[in-house]
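Order-wise, the sequence lines are chains A and B.
Numbering follows the numbering used here, in which position 53 of the first sequence is assigned residue number 737; successive positions increment by one, without gaps.
Numbering follows the numbering used here, in which position 82 of the second sequence is assigned residue number 587; successive positions increment by one, without gaps.
There is no bait here: all hints are sound.
To be clear about the criterion: a stretch of chain B counts as covered by chain A if any three or more of its residues have a C-beta under 8 Å from a C-beta of chain A, and this derived list gives those stretches:
hint : region
1    : 549–560
2    : 590–597
3    : 605–611
Covered stretches of chain A (chain B as the covering partner; in silico rule of three or more C-beta atoms under 8 Å from a C-beta of chain B):
hint : region
4    : 727–733
5    : 775–782
6    : 785–792
In short, the hints are calculated from the structure, not lab data.
This one's a predicted model, so the numbers in the text were calculated from it and none came from an experiment.
All C-beta atoms in this analysis are idealised placements derived from N, C-alpha and C, irrespective of residue type, glycine included.
Next come the chains, spelled out residue by residue.
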Amino acid sequence: DTAVSQTPKYLVTQMGNDKSIKCEQNLGHDTMYWYKQDSKKFLKIMFSYNNKELIINETVPNRFSPKSPDKAHLNLHINSLELGDSAVYFCASSPGLGQGKQYFGPGTRLTVT
Amino acid sequence: LAKTTQPISMDSYEGQEVNITCSHNNIATNDYITWYQQFPSQGPRFIIQGYKTKVTNEVASLFIPADRKSSTLSLPRVSLSDTAVYYCLLLSPGDSNYQLIWGAGTKLIIKP
Numbered sequence: 685d686t687a688v689s690q691t692p693k694y695l696v697t698q699m700g701n702d703k704s705i706k707c708e709q710n711l712g713h714d715t716m717y718w719y720k721q722d723s724k725k726f727l728k729i730m731f732s733y734n735n736k737e738l739i740i741n742e743t744v745p746n747r748f749s750p751k752s753p754d755k756a757h758l759n760l761h762i763n764s765l766e767l768g769d770s771a772v773y774f775c776a777s778s779p780g781l782g783q784g785k786q787y788f789g790p791g792t793r794l795t796v797t
Numbered sequence: 506l507a508k509t510t511q512p513i514s515m516d517s518y519e520g521q522e523v524n525i526t527c528s529h530n531n532i533a534t535n536d537y538i539t540w541y542q543q544f545p546s547q548g549p550r551f552i553i554q555g556y557k558t559k560v561t562n563e564v565a566s567l568f569i570p571a572d573r574k575s576s577t578l579s580l581p582r583v584s585l586s587d588t589a590v591y592y593c594l595l596l597s598p599g600d601s602n603y604q605l606i607w608g609a610g611t612k613l614i615i616k617p
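Could you put the whole structure together from the sequences, leaning on the hints where they help?
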């Protein structure tokens, strides 16, 4: 059983489009995260949700909006995609806020043309 | 604001012990130090976490000096499969001042 899953694995789209990435965890964790990893492998946290409540919202454009329908899901919606949004996006979860062991999904490689 | 600094890359050989150091001069009192491993096309994977002194598990050891301004991940007797990127992370727990500060990663290449 996959602990943290993301769909799709690859996403190729054109500038200006709107797209969503889905994430689900079956670990019973309270906290979920979205990360962006650029071509230089820098990991940047974008959002952190604890029990469906937004805890961390780093400086990301308003075009990015996380949605958490329940504790097991944290989806990422991106409006008006730009070339600079091309990256690998990782979802992760942890038992609770401030607990260091995060479980990462396999990543979604987004390419904006 | 705390920041972490790691070497960009390191090389070693199979069977050697590898030590990767992360500098975090402005670490906060409540911060924990965590290390992750990432293989190509995969998400990072937790290796070890500590607060002070020494922590050891089945895959690695983590050494943290008394001033906590640095930490060293030690991989004993590495193999080719340990070739990966290793990240240092500072984690400050608690709702009011929650932070995740990731290092830029160290690309470790193990040679035969």
